[in-house]
Amino acid sequence: MSEPLHRSLGLTDEEAASIERILGRSPNHLELAMYAVMWSEHCSYKSSRLHLKRLPSEAPWVLVGPGENAGVVDVGDDIAVALRIESHNHPSAIEPYQGAATGVGGIIRDIFTMGARPIALLDALRFGPAENLRNRWIAEGVVSGISGYGNAVGVPTLGGEISFDATYSGNPLVNVMCVGLMPKERLVLGQASGEGNLAVLLGSSTGRDGIGGVSVLASASFGADDRQEAQKRPSVQVGDPFTEKRLIEACLALIDGGFVVGVQDLGGAGLTCATSETASRGGMGMDVDVSVVPLREKGMEPFEVMTSESQERMLVIVEPASLCDVEAICERWDVQTAVVGRVTASGLLRVRNGMDGPVLAELPAASLHEDAPLYDRPLKAPAVTRLEDQPTPPDRSQLDLGSELLELLANPVWVYRQYDHMLFCNTVVGPGADACLLRLKHPVSGVDTGRGLAITTDGNQRWCSVDPRAGTEMIVAESVLNLACVGARPLALVNCLNFGNPENPEVMWQLSEAIDGLATAANTFGVPVVGGNVSLYNESQGRNIHPSPVVGLLGVTDNLSSVPCDLAWNEGDRVVLLGAFSVDLEGSLAGSLWAAKSGGAVAGSLAELDYTRHLCVADLVRKLVAGGLISAVHDVSSGGLGVALAEMSAHAEVGFMGARIHNLEQLFGEAPSRVLVAVHPDMLGAVEAAALAAEVPLTRIGLATGQRFSIKGLLDLELTDVLARWNAPLLGQVAQSGASCG
Amino acid sequence: MTTVVGVVVFPGSNCEQDVVGALGEVGIEGRLVWHKDNSLGNIDAVVLPGGFAHGDYLRTGAMARFSPIMTAVTKFAHQGGPVVGICNGFQILTEAQLLPGALHKNKGLKFLCQPSSLQVKSNNSVLTRHLAVGTELQVPINHFEGNYLCSPQTLCDLQATDSIVLTYTDNPNGSTADIAGISNANGNVVGLMPHPERAAHALLGSTDGARLLKGLNSDG
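Protein chains in written order, with my numbering: chain A, 1 to 742; chain G, 743 to 962.
Hints were generated in silico from the structure; no laboratory data involved. All values derive from a computational prediction rather than experimental measurement. Warning: the hint list may mix true and false statements.
Derived pair list, reagent style EDC-like, types lysine to aspartate or glutamate, alpha-carbon separation capped at 20 Å [stated by the list, open to error]: (1) G:K778 <-> A:D325; (2) G:K956 <-> G:E878; (3) G:K849 <-> G:D779; (4) G:K852 <-> A:E140.
Negatives, chain A to chain G, calculated, CB over 10 Å [as the list claims (entries may be wrong)]: (5) D74; (6) R186; (7) E249; (8) V563.
Where is the CB? At the ideal position from N, CA and C, for every residue including glycine.
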């Protein structure tokens, strides 16, 4: 018995019924296929939309909030910044190189669609443990794909993070953020206006790649069977960075010349999405002629043409009088053009064979978006794990804390040196630091504003598995500190919410909690959420991933006249901890990197985040960095004080002699609002005075010196052993650890 | 008179604006030249910038040498005009046979974007003419195919004509004889893998690249 067509396209029986109600008749195959892709979880956010409304998105500097291709904020000096983050998790699980490459291509298109020149990429990557060969294959492929595509398309990759955790075995996370610059007045929106205007398809020919990518692939879980996943490979698209590069240049030239009234990229759901979105945003309709779409292969059915996710395509809406100019600019860049549509006043999206030929599909353009299902799925807090169900914690008295520390170190340089992170000559602080920092130059005149842009991405599935709400708040708080470490204050946030199967009430609860946490943090820090992406069904072999919200935070620094200090301290520096508010340096191992690695003590509660105190620490750090009072700075995050100190030591190749850290909890606990700074002895008085004035506790914990890394009574390592571990190839060593490169 | 340098833009080039900006830092005007043009116009020197000309889907630089502008570039070079190829531009110069040898994949088979330490081996070149032999420079690299390869005879010729311009102090990519940059026997055509334009401002961590680019200034 064969299943009904709508089910094989990923639509439920109820969804099929509401399509019939909208049309007042049964949909044909083409129409059903168009609804199926547009009403997929990936395109419609049907499980998350209800909750996303709780996120704050407004501020005086926000020019475009969520809902467009990218968020846009005013950063002053007549410059606007477009930013967005998106996941490409499922394609990367199936075909890592192309999955990641097309993720990069897609997010770049979202940025230049707005009229902005893409200037920065950041990647938040999560893989299963590298001992497993498949995980390793995925990790290597994803990094190569980002490198291969990002470098060739000419957009530098400036940061991100990489971590390995068993929760991502078989379901990696590949989240890509892109940031672009435009003159403030050049904002373009993805909408069609003006009856009789033309829809012109630019770029690659359309093939059978990626058909149903959003529905078959991105909005369903992976099963237990590897062969089944291999069969989904044709749903992954193939990237062509050279075509994308020419598209960027051609589109920016079109926008610069004022030859287009609307621009929309083709991503998930292909032509169906681009034509219906532009039409419905403009309150118009559109007739689309499938017969003139340039094809890569013969015999493609209209439903294939309309839902193909072939990459490197853009749709521009132009007045008929501008068509010649559009074609001339595209010809200069060897970009293919085809007039595939016509804006109408009907409100209908009509697919035709020939512009005035027979109608193959006819549906209200807005119904693909506005009438998409909206689910208020049941939520259920998970039962609290009983203590006896937890793995027995190792006998801590027997632990060699030196080797425990070494196990947690991972240097992401293997990843980021494969990425061009210097293109455009803006990179003042590149990958490997707490955040990247760029010179802010006007995108057209090239005039240096003397100011800087800072960007970071952060996520922490361990914190969120303990408490998705508090964990998400801590992630945002960490991002704020990361920006402070390069002297910047936050301006806007984008997020990528990676969760498991939303039909599982516990997963929905996690999602809802994380959104609440994000809303609280964004409100309290005064940072608008200007865009986001939700990736659900991150489930493999029946296991949902840990809740994995990832945030991308954009900030500015108002005076960038010299390179700020980095992680590397100098021989003789005093090392002080800012922001430990309790006497015991705040050790809680719940959700910590060490706890996850040692397989025990994951449960418990996270250390409390006090927003007022956190803001005081961030303000102080910004002042110290901007004032040049300190010689090194690093926020305390994954791996706690131990890992942060070892990273600073490794960056400088100068040892450490410390005290005041007395036990495992203090060494590896991950309480928020803490920053390590290294200070020249002559500056110590000034730094202490600044901390006192800011009401931030300051604790002297050691001295940067020599060739040993030691903490009195706790551990004593040769610096060479720390460096050997730090410099070991990332994929050769990692079981479960994290590394931040931005 | 301000020196004017033509910076050739191929589809897929991506360092052209960076080169123009860095030239500006040393008082030289950079002027973009489109690859389909047949003439270089009135310029004092040419730079072929980095990037992925024509996508580099074939051998790097193999397509770019057929772009119309390359006829004019070749003629300009043969007349003694200064021509500098940076990274992809170096690859194009070898494909166009304006420089000997070839650039293969890095020995580690990975793309490498990182700082690199260079040593000036010859000042018989338009880029190094103001620098003393032995000068150490910090200029970053950014390439997958930067492993310079040539026949033993070519290496002998390069040495005999003092045409090894720059070497790596810590060879990152497996290049023959640590070669980072070479010139023709005249010294007017130079190819190098490191990116001088990325080291032309104090905020970028090094200004050594500017010291190289100053060589293009026809006044000095």
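Okay, the hints, checked on the actual structure:
no. : hint              : result
1   : G:K778 <-> A:D325 : holds, 19 Å
2   : G:K956 <-> G:E878 : holds, 16 Å
3   : G:K849 <-> G:D779 : violated, 36 Å
4   : G:K852 <-> A:E140 : holds, 11 Å
5   : D74               : holds, 24 Å
6   : R186              : holds, 18 Å
7   : E249              : violated, 8 Å
8   : V563              : violated, 6 Å
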